[in-house]
Amino acid sequence: GAGVSQSPSNKVTEKGKDVELRCDPISGHTALYWYRQRLGQGLEFLIYFQGNSAPDKSGLPSDRFSAERTGESVSTLTIQRTQQEDSAVYLCASIFRIAGGPTGEQFFGPGTRLTVL
Amino acid sequence: EDQVTQSPEALRLQEGESSSLNCSYTVSGLRGLFWYRQDPGKGPEFLFTLYSAGEEKEKERLKATLTKKESFLHITAPKPEDSATYLCATSGTALIFGKGTTLSVSS
Chain A
1 GAGVSQSPSN
11 KVTEKGKDVE
21 LRCDPISGHT
31 ALYWYRQRLG
41 QGLEFLIYFQ
51 GNSAPDKSGL
61 PSDRFSAERT
71 GESVSTLTIQ
81 RTQQEDSAVY
91 LCASIFRIAG
101 GPTGEQFFGP
111 GTRLTVL
Chain B
118 EDQVTQSPEA
128 LRLQEGESSS
138 LNCSYTVSGL
148 RGLFWYRQDP
158 GKGPEFLFTL
168 YSAGEEKEKE
178 RLKATLTKKE
188 SFLHITAPKP
198 EDSATYLCAT
208 SGTALIFGKG
218 TTLSVSS
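Read top to bottom, the protein sequences are chains A and B. Each step along the first sequence adds one to the number in the numbering used here, with nothing skipped, and position 30 is 30. Just remember that the numbering used here sits 117 ahead of the position in the second sequence, which is counted from 1.
These are calculated hints, taken from the structure and not from any lab test. Check before you lean on any hint, since a few could be wrong.
Stated by the list, open to error - Over 12 Å on every C-beta distance to chain A, these chain B residues come out as not near it, computed from the model:
hint, residue
1, Glu134
2, Asn139
3, Ser145
4, Phe163
5, Leu164
6, Glu175
7, Lys196
8, Pro197
9, Ser221
10, Ser223
As the list claims (entries may be wrong) - Chain B stretches covered by chain A per the calculated footprint, using a threshold of three residues with CB under 8 Å from any CB of chain A:
hint, segment
11, 156-162
12, 199-209
Ideal placement from N, C-alpha and C gives every residue a C-beta, glycine not left out.
I would like the entire structure built from these sequences, with the hints used as guidance.
Have a look at this one:
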């Protein structure tokens, strides 16, 4: 596809359930980022994948959050035992980036709006 | 700690009324200052990257400028279609975003 896609676009779940969010980056992009955007807040970095290197997980808020990416393809963000404070828009972005190089212009997907009841 | 602060939080303009949005930052070793536009229900869309103090970039009615401590997004003669949230970010391992300025332009 031409851009970054994310699914589902909306997800409503009950507190305590697990959810899985998906991101399809732009083909050829080596780096993939996940961000969280709470209502009225700026985007908050969660995790970063660069090629086949170990991901930078420094932004994950708790061990209930995890993410995977195989090579330079699809990524999934999993939130276990969801809490109401997890309600937010989860955004994925990709970029062609050389390891150690500047972040540069990131291309964002439309996001997944997660609501935890 | 790296920080990005945007002001004002919200700005209402009449069509044709020029103004500026501010982004102040404290970053060790700036590797780029980014401006994005975000429309409701969509992901941010890239506008500009600035790398050094004194640099300016323009796109249609928008002009971004950079000093050592802040960046401005100048909007000249805005139109209703310029209504959006404008986000500023600096570059670390990932982008560090401010909370944004929500611009509303009425005709």
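Structure-based check of all given hints:
Here glutamate 134/B stays apart from chain A, with its beta-carbon at least about 25 Å from theirs, past the 12 Å limit. Every Cβ of chain A is farther than 12 Å from the Cβ of asparagine 139/B; the closest lies at roughly 15 Å, confirming the non-interface assignment. The Cβ of serine 145/B sits about 15 Å from the closest Cβ of chain A, beyond the 12 Å cut-off, so the non-interface label holds. With 12 Å as the threshold on Cβ separation, the claim that phenylalanine 163/B sits away from chain A is violated: the shortest Cβ distance comes to roughly 5 Å.
Distance to chain A contradicts leucine 164/B as a non-interface residue, since its nearest Cβ pair spans about 9 Å, not more than 12 Å. Separation of glutamate 175/B from chain A is adequate, the least Cβ-Cβ distance of about 17 Å exceeding the 12 Å criterion. In this structure lysine 196/B is separated from chain A by more than 12 Å, as the shortest Cβ-Cβ distance comes to about 24 Å. With a cut of 12 Å on Cβ distances, proline 197/B stays outside the contact zone with chain A, its closest approach being about 22 Å.
Interface exclusion of serine 221/B from chain A stands, the closest Cβ pair being 16 Å apart, more than 12 Å. At roughly 22 Å from the closest C-beta of chain A, the C-beta of serine 223/B stays outside 12 Å, upholding its exclusion from the interface. Judged by the Cβ-Cβ criterion of 8 Å, the segment 156-162 of chain B is covered by chain A as claimed, because 5 of its residues qualify and three suffice. Under the rule that three or more residues need a Cβ within less than 8 Å of chain A, the assignment of the segment 199-209 of chain B holds, with 4 such residues.
Hint compliance for this structure: hints 4, 5 are broken, all remaining hints hold.
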